[in-house]
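Visitor: As a plain string of letters, each chain reads:
2 protein chains.
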Amino acid sequence: MSSSPIYIETASAPTNIATIKYWGKADAKWNTPINDSVSVTLDQADLKAVTTAAASLSFEKDRLWLNGVEEEGAAENKRFRACVDGVMALATDKVDPKTGEVLVKKEDWKKMHVHISSYNTFPTAAGLASSAAGYAALVAAMMFLVGAKEEYPGQFSTIARQGSGSACRSLYGGFVAWRKGGDKPDWSDSMAQQVADENHWPEIRAVIMVVSDEKKDTSSTSGMSTSVATSELLKHRAANVVSKRMEAIEKAFLAKDFESFGQLTMADSNQFHATCLDTYPPIFYMNDVSKSIIRILHAYNAWAGELRSAYTYDAGPNAVIFTLDKYVVEVGALMLHYYPEFGENYISNPEFGTKIKEFKLDEGLLEATKKTGRTPVAGQVKMMYYTKSGPGPQLLTDQILNLDPKTGLNTYKP
Amino acid sequence: MSSSPIYIETASAPTNIATIKYWGKADAKWNTPINDSVSVTLDQADLKAVTTAAASLSFEKDRLWLNGVEEEGAAENKRFRACVDGVMALATDKVDPKTGEVLVKKEDWKKMHVHISSYNTFPTAAGLASSAAGYAALVAAMMFLVGAKEEYPGQFSTIARQGSGSACRSLYGGFVAWRKGGDKPDWSDSMAQQVADENHWPEIRAVIMVVSDEKKDTSSTSGMSTSVATSELLKHRAANVVSKRMEAIEKAFLAKDFESFGQLTMADSNQFHATCLDTYPPIFYMNDVSKSIIRILHAYNAWAGELRSAYTYDAGPNAVIFTLDKYVVEVGALMLHYYPEFGENYISNPEFGTKIKEFKLDEGLLEATKKTGRTPVAGQVKMMYYTKSGPGPQLLTDQILNLDPKTGLNTYKP
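Keeping their order, the protein sequence lines are chains R and E. Position one of the first sequence corresponds to residue 1 (full-length UniProt numbering), numbered consecutively onward. Position one of the second sequence corresponds to residue 1 (full-length UniProt numbering), numbered consecutively onward.
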């Protein structure tokens, strides 16, 4: 083995939950969408991807470890290549901060091979946008490693987008839009744009109900492709509905208008799932448990006489429930009542767990929600996360290295 | 009590299952739809409404019995009135066939009060379009009673429509369209039209899976009203999708093209449910059992390499599965495998029951459908009906009188 130095950096990146949904690719090669979308970036305390990237002339080939397991042939994967090579092309000289000596010339980075090791702090199978966080963390770790600089704002997000569409939105904190672009032939205008950062509306909270599912339906990629080919309602949605909703929800978020924000979020989640159902053959992501949560939350809002909770569902049965700080304990307690504790670590945040167990739900609320037909049954929900909005990717200096700095080999064990 | 004679007739009427769905009223007063629809009229052997209508000067008021129970105040019900008065307005003289004597002058019918007694041969709560059959049978019994004559073809269906929208389609056998109309201010052009009678495509079969449901969701009337008010996808569907589908499915039915007929039927069922989901708050009619049937049937068709089965769901979780004579035993056996017998009379037709129990399902088919994730569980389906396409309303001369011809009082006991 050569004695060439190993350069190494670690980054974390958040997951994000769309409130106006992306479904359907305009261009498969560039991985661009048929409509704009916008999402809330979630706090990295509970849910994040952590990725270490190393580069060295001594590496014989590009290698990738996911959750501690090497992915054979990953280096030839189109998505992986787009992210690694995309960031490499924006590399800058690496300079020793003490001596000013140029350690790596910007054009020399691409002579090196890379080793990447990444893991998620949440179950990959749980359907919590693990690929968005994962590709955002890959781009971020590579950025930090090679000191990449954008040629125009949002360029990094165009790279992350080629890994996984919604990953582009995970490059910013707060409330983040993905503008579909399409005016430029290389789709370099299909990028993320921060609408508001995570400090703009600090009262926003999210409770995530991880719903058990017997069978994972169609993958997103294949589902989107079938939907674009067969759903007339999706075409109409993309062409005529989404832009109005984008304008309205960005306005609502900036005005901290939870009533409008929540209603648009719920309506758009339902419309997304409606276009899945309009697909031939139809795609089902929500199950009866998902729907019971929807019914309970509408009954809750109706009982409250105001909108206190708003659900949204991605391509899976899990509910993400947005609410405000002042109602989050009530929302959590309501969910815990109908979806009782099931196994250890059922509630991600112990402090939140204590609060919602102690909270006394209003009798009228219980009466109102009981009319939905739901009776408390444990086991249909696997876990509850409590979280809020958070920042974009973070450089984790000198910590959590998933690769051995001496050998460049994976050290992460799940 | 006066000694005035009691005139009495009994009629039966079929239920019908739409293959292009009606959802949303254009005019609430006239009960007219925002789009055309078309349905298969089902055979009355298993599923029908039987209605006796009697008229006499000796009756003190209009009275109605449903399934043996008198409905108080029913005579003031707008829907009931529209049907009874609508037919009365088209009455003709009643002439003694032997003597030629005029027993009732056409203008005298409306001086009499009516007694109506109606029952369904299937559970009203099962969500099998009981109101369509019921109002069609009411109109038919009244027609026969007062010897009503249409002023233009389809006029009776405009009357039945005011009882229950889809009842207009139950006035004909076979494959029946409901043209939405709207060119005339009184909506007299919103009527049913027979596309093909029940003898045109005699190989058509239907297997109905009555799916258990914990909670009946929104009623059709209130659901439609919310959908029209809130779903942009429904507007698009009504304005831009349905007319193309109507043309295509009528062509397919006339050509006996099961591949096209079935695909359009499934796509339209899914699109209808998609617009329900796009409603705010969303409406769910299908449940996880309904969806498992959908998955199995798509897997079955894929395994067969041709379209052998086509599902459709109305405003409830029950599946109506269309197939052809040559595949109906296979379809029935497949359903029985995954939704095993549950209680007595699980299969409506004993002969069909014997056949499907004896049928040996192909191992490859079982393998292919197992991949949907479904495992056989009894109790999720309450009953299986086997039926075919059938004729419109029938005059039941001298039989099944639900009213005593001497007193005009109900004699039907459930």
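One or more of the hints may lead you astray.
Since copy identity is lost for identical chains, a pair holds within one copy or between any two.
To be verified - Cut-off 20 Å, straight-line C-alpha distance, at most; resulting in silico cross-link-like pairs (EDC-like, lysine to aspartate or glutamate): (1) Lys111 with Asp197; (2) Lys371 with Glu76; (3) Lys326 with Asp362; (4) Lys326 with Asp62; (5) Lys25 with Glu330; (6) Lys382 with Asp257; (7) Lys106 with Asp43; (8) Lys106 with Asp183; (9) Lys25 with Asp197; (10) Lys78 with Glu151; (11) Lys382 with Asp288; (12) Lys360 with Glu232; (13) Lys406 with Glu76; (14) Lys244 with Glu232; (15) Lys382 with Glu259; (16) Lys357 with Asp43.
I should point out that these hints are in silico values taken from the structure, not numbers from a laboratory.
Visitor: So, for every hint listed, does it hold in this structure?
Guide: Structure-based check of each hint:
1. Lys111 with Asp197: Neither, since 37 Å and 76 Å both go past 20 Å.
2. Lys371 with Glu76: neither (54 Å within a copy, 31 Å between copies)
3. Lys326 with Asp362: So Lys326 and Asp362 pass the 20 Å test inside one copy only (15 Å; across, 59 Å).
4. Lys326 with Asp62: For Lys326 and Asp62, the Cα distance exceeds 20 Å both inside one copy (49 Å) and across copies (58 Å).
5. Lys25 with Glu330: For Lys25 and Glu330, the Cα distance exceeds 20 Å both inside one copy (39 Å) and across copies (39 Å).
6. Lys382 with Asp257: neither (31 Å within a copy, 47 Å between copies)
7. Lys106 with Asp43: neither (33 Å within a copy, 79 Å between copies)
8. Lys106 with Asp183: Intra 30 Å, inter 73 Å, cutoff 20 Å: neither.
9. Lys25 with Asp197: neither (27 Å within a copy, 45 Å between copies)
10. Lys78 with Glu151: Intra 23 Å, inter 70 Å, cutoff 20 Å: neither.
11. Lys382 with Asp288: Answer is both: 15 Å inside a copy and 19 Å across each meet the 20 Å cutoff.
12. Lys360 with Glu232: Neither, since 47 Å and 39 Å both go past 20 Å.
13. Lys406 with Glu76: Result: close neither inside a copy nor across copies, 25 Å intra and 89 Å inter.
14. Lys244 with Glu232: Answer is both: 19 Å inside a copy and 12 Å across each meet the 20 Å cutoff.
15. Lys382 with Glu259: neither (29 Å within a copy, 42 Å between copies)
16. Lys357 with Asp43: Neither, since 23 Å and 56 Å both go past 20 Å.
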